[in-house]
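All chains should be built: construct the whole structure from the sequences, respecting the hints.
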Amino acid sequence: DLVADTGSNSLIVTSCACVESGACGSENRCFRGFNRSSTFSVKDYDPLKKDPGSLSAVQIDFVSGPVTAVISTDVVTLGQESAKMDEGLLLMMSQALNFGGKMEGILGLGLPP
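Residues 7 to 119 (the working numbering) are what the sequence shown spells out, left to right.
I should point out that these hints are in silico values taken from the structure, not numbers from a laboratory.
None of these values were measured; they are calculated from a predicted model.
Idealized CB from N, CA, C, for every residue including glycine.
Incorrect hints may have been included.
Here are the simulated BS3-like pairs of lysine-lysine, each with C-alpha atoms no more than 30 Å apart in a straight line [unchecked claim]:
#: 1; residue 1: K90; residue 2: K108
#: 2; residue 1: K108; residue 2: K49
#: 3; residue 1: K90; residue 2: K49
Estimated spans, in silico, between C-beta atoms of each pair [what the hints assert, rightly or not]:
#: 4; residue 1: C22; residue 2: K49; range: 30 to 40 Å
#: 5; residue 1: D92; residue 2: Q65; range: 19 to 29 Å
#: 6; residue 1: V81; residue 2: D7; range: 32 to 42 Å
#: 7; residue 1: K108; residue 2: V69; range: 29 to 39 Å
#: 8; residue 1: N104; residue 2: R35; range: 19 to 29 Å
#: 9; residue 1: G31; residue 2: V64; range: 26 to 36 Å
As structure tokens, this is what we get:
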């Protein structure tokens, strides 16, 4: 269940790390890219460092609250269309959204910069 947002242009999905840390609701499905997708990558990720503080993260402030996410890349399919989201896929690491109902992510429908 994605929430459409005309004011952003990224796809933000709930990461399993967010659910496991308790920062995102456990009722939502989550995305775990490593070992699941051959095209998945996280910006600035170095598996030898194993330091989550070295990841490129952004905070996006929506009307309903803030989301902190890690910048990543993967091929995304919506319906029958696929596109490589080069640093346009954001993995939600925490959120404080005042949103009633199930939400697995945010589908930005805005124009790219």
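Hint by hint, which ones does this structure get wrong, listed from lowest number up? Violated hints (numbers, rising): 4, 6, 7, 9; every other hint is consistent with the structure.
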